[in-house]
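Q: From just these sequences and the hints, can you work out the full model?
Protein chains in written order, with the working numbering: chain D, 1 to 231; chain A, 1 to 250; chain E, 1 to 224.
Source of the hints: derived by calculation from the structure; they are not laboratory data. Among the clues, some could well be false.
Among chain A residues calculated to face chain E with C-beta under 7 Å, some are [claimed, not checked]:
| hint | residue |
| --- | --- |
| 1 | Leu52 |
| 2 | Thr68 |
| 3 | Lys71 |
| 4 | Asn75 |
| 5 | Glu79 |
| 6 | Phe83 |
| 7 | Asp87 |
| 8 | Asn89 |
| 9 | His93 |
| 10 | Gly103 |
| 11 | Lys106 |
| 12 | Val107 |
We put the CB at the ideal spot given by N, CA and C, even for glycine.
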Amino acid sequence: MAADFGQFFLNSLPNLLSGLGYTLLLTFISIAVGFCLGIVLALGRVYGTKVVNGFCVGYIELIRGTPLLVQLFIIYFGLPTIGIIFTPLQAALIGLALNSGAYQAEYLRGSIQSVESGQMNAARSLGMNKLQSIRHVILPQALRISIPAWSNEFIYLLQYSSIAYIIQVTELTAEGKFIAAHTFRYLEVFAMIAVIYLILTIVSTEIIDRIAKRLSIPGIGAATRISLRDM
Amino acid sequence: MTMLEVKDIYKSYGDVHILNGVSFTMKKDETKVIIGPSGTGKSTLLRCINQLSPPDKGQVWLNGEEITNPKSNINKLREKIGFVFQDFNLFNHLTALRNVSIGLEKVKKIEKEAAYKRAMEELTRVGLAAQAAQYPAQLSGGQKQRVGIARALAMDPDLILFDEPTSALDPELIGDVLDVMKSLCGKVAMLVVTHEMGFARNVADEIIFMEGGVIVEQGSPKEMFTNAKMARTREFLGRIGALYGDEEGG
Amino acid sequence: MALETLIESLPSLFDGLGVTLLLTAFSIILGTILGILLATGRSYASKPIAYLILLYEKVLRGIPLLVLLFLIYFGLPQVGINLDAFTAAVIGLGLRSAAYQAQIYRGAINSIPEGQIHAAYSLGMNKLKAIRHVIMPQMLRLSIPGWSNEFTILLKDTSICFGIGVIELMRQGRYIQVRDPGLVLVVYLLIALMFFILVFSANKTLRYVEKKYQMAGYQTEAHR
Chain D
1 MAADFGQFFL
11 NSLPNLLSGL
21 GYTLLLTFIS
31 IAVGFCLGIV
41 LALGRVYGTK
51 VVNGFCVGYI
61 ELIRGTPLLV
71 QLFIIYFGLP
81 TIGIIFTPLQ
91 AALIGLALNS
101 GAYQAEYLRG
111 SIQSVESGQM
121 NAARSLGMNK
131 LQSIRHVILP
141 QALRISIPAW
151 SNEFIYLLQY
161 SSIAYIIQVT
171 ELTAEGKFIA
181 AHTFRYLEVF
191 AMIAVIYLIL
201 TIVSTEIIDR
211 IAKRLSIPGI
221 GAATRISLRD
231 M
Chain A
1 MTMLEVKDIY
11 KSYGDVHILN
21 GVSFTMKKDE
31 TKVIIGPSGT
41 GKSTLLRCIN
51 QLSPPDKGQV
61 WLNGEEITNP
71 KSNINKLREK
81 IGFVFQDFNL
91 FNHLTALRNV
101 SIGLEKVKKI
111 EKEAAYKRAM
121 EELTRVGLAA
131 QAAQYPAQLS
141 GGQKQRVGIA
151 RALAMDPDLI
161 LFDEPTSALD
171 PELIGDVLDV
181 MKSLCGKVAM
191 LVVTHEMGFA
201 RNVADEIIFM
211 EGGVIVEQGS
221 PKEMFTNAKM
231 ARTREFLGRI
241 GALYGDEEGG
Chain E
1 MALETLIESL
11 PSLFDGLGVT
21 LLLTAFSIIL
31 GTILGILLAT
41 GRSYASKPIA
51 YLILLYEKVL
61 RGIPLLVLLF
71 LIYFGLPQVG
81 INLDAFTAAV
91 IGLGLRSAAY
101 QAQIYRGAIN
111 SIPEGQIHAA
121 YSLGMNKLKA
131 IRHVIMPQML
141 RLSIPGWSNE
151 FTILLKDTSI
161 CFGIGVIELM
171 RQGRYIQVRD
181 PGLVLVVYLL
191 IALMFFILVF
201 SANKTLRYVE
211 KKYQMAGYQT
221 EAHR
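A: Structural data, given as structure tokens:
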């Protein structure tokens with residue numbers, strides 16, 4: 001039985017690894033793009049004019065108020081009717097990144113506002129302009145504060161990238177479904193997939209935890225560590 | 001007749017020995033005050049008596065029943081021992097009235113109407129009838145503590161343990177709480193840990209001086225304040241008198 | 001003409017909406033009950049049980065919902081447990097939500113000062129009574145914001161049950177798409193709008209509940 005499962009696992013390995021590759025690709029690219037988008041949106045919300053702020057709020061609320069799957073369907077199935085056509089992978093990447101951007105914007109905004117008032121005054125009184133103050137004083141602190149939330153977001157993306165299966169991206173879950181459909185060993189296959197996700201979750205939590213520790217500053221890092229441990 | 005007997009209590013937390021063999025007794029409706037330097041095990045002793053922190057060694061008897069016996073029903077016994085906390089510990093989600101009535105409702109299983117009526121009586125007794133509908137966060141420290149006392153009283157206890165009931169209060173609020181406590185004298189047994197020397201001197205039937213986890217000396221206020229046998233007791237009372245203002249009226 | 005088809009398909013969309021709401025309702029109930037039990041167990045039960053609960057939470061939070069649904073719907077029949085798609089979906093959503101909710105409740109329990117339970121014991125309450133009359137009511141009030149958040153997440157996550165063939169809102173949209181490919185963008189935008197209204201009104205309602213059941217003055221107390 002055990003030997004049989006071992007053989008089965010080995011046979012499935014090429015598919016699983018290929019799926020894993022796509023899962024990681026989806027996760028990393030969308031967290032990175034989402035991060036850039038998130039910073040822009042967050043800065044727009046805190047420092048933007050009324051119009052910019054309103055636009056950012058609208059975007060964030062629309063994305064957070066609708067399921068990721070609906071967003072993927074609109075991009076993958078909907079947009080082609082007006083002539084915009086993406087491959088499944090492209091559609092998934094765009095959807096995940098746009099989605100993550102809205103969530104990342106919200107907690108980045110929270111951290112920016114938590115360091116904003118006093119620190120901004122101090123920076124400006126040194127003669128920094130607004131942009132310099134944001135870049136050299138506000139963001140270095142805000143980003144550290146948002147590491148725990150960012151770690152959560154990473155885990156979320158890792159898991160929610162599985163939804164890309166539904167629009168035919170051959171990531172980990174899709175490969176699992178493929179193997180299971182051909183071998184009829186659904187229980188083993190999905191248990192295997194679950195364990196892989198579990199390991200990915202634990203390992204990435206641990207890695208981000210290490211990064212947080214390295215980047216921590218007395219008084220700012222402490223809270224970071226505690227909430228990460230609780231994951 | 002002896003109501004409470006505390007026999008040779010030991011308690012340590014890890015390597016730190018807090019109580020090193022404490023024994024004393026109390027009679028019905030008696031008021032005893034425990035004084036002594038901070039960190040000397042006074043509060044721990046109270047917690048050992050009602051088993052919030054069970055002692056490592058030794059026994060506690062209430063009305064001939066051994067509290068420390070694992071077989072006795074500790075919840076039943078705690079009904080008979082009120083506890084008033086330094087930091088009040090009022091239930092944050094309940095009004096003053098319900099703070100007082102909840103023990104009657106849920107532990108004594110008294111009907112709501114009757115429980116409320118009784119709770120109202122106790123609140124009136126501590127001068128807080130008007131605050132019955134307020135939540136703990138809306139009350140001042142002194143009011144909170146008086147609700148705490150009413151909560152203990154409502155259970156009809158034989159004994160109330162007071163753990164530094166006025167230490168967390170602003171000076172101007174201490175008087176109200178002490179007045180309520182004085183009014184209870186002779187109606188229920190009280191064991192009070194406090195630094196209020198005026199209260200100890202004027203109200204206590206007996207003062208117990210503790211230091212280093214043992215009872216150094218005990219006696220009537222008169223003996224203790226004017227004629228203490230032990231040098232340590234005299235030194236402590238002299239020092240604390242100077243520190244807290246040993247006022248007669250207090 | 002396209003508009004006509006759209007109007008014709010509206011009833012089926014509302015059917016799907018009903019199923020989505022049912023999925024949400026059943027699974028939030030399952031998740032809440034189980035989540036409270038897990039959190040209470042982790043705080044007050046014996047060490048081995050608390051550890052098992054921790055393990056449960058870690059595992060359930062570490063697996064994507066879709067994989068969990070596949071395990072329950074496609075995997076369990078292999079050991080003789082056959083569930084229809086709706087039931088499988090409720091179980092999957094509920095079990096996973098419980099793991100997240102347990103964290104919320106535990107955080108709330110941890111923020112309740114220890115003196116509260118000491119005071120309860122001093123009145124003669126046993127552990128169960130103290131938990132029920134003192135810890136629980138405070139924990140639930142403190143958990144409302146976290147619970148609201150979880151509720152909207154769950155509402156959106158029901159769409160993933162599309163993956164095991166539950167005929168909820170997304171699936172009804174897909175049926176329309178198959179019948180009339182020209183409508184696809186409008187239909188999914190319409191579904192997005194439905195979700196948005198649901199999430200928005202849930203947030204508003206729950207914020208009202210939060211305010212109503214706030215412990216009077218507790219905020220100022222907590223900040224001190």
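Q: Next step is simple, just say for each hint if it's right about the structure.
A: Do the hints match the structure? See the list:
no.	hint	verdict
1	Leu52	holds, 6 Å
2	Thr68	violated, 16 Å
3	Lys71	violated, 15 Å
4	Asn75	holds, 5 Å
5	Glu79	holds, 4 Å
6	Phe83	holds, 4 Å
7	Asp87	holds, 6 Å
8	Asn89	holds, 4 Å
9	His93	holds, 5 Å
10	Gly103	holds, 4 Å
11	Lys106	holds, 5 Å
12	Val107	holds, 5 Å
The earlier numbered hints that this structure contradicts are 2 and 3.
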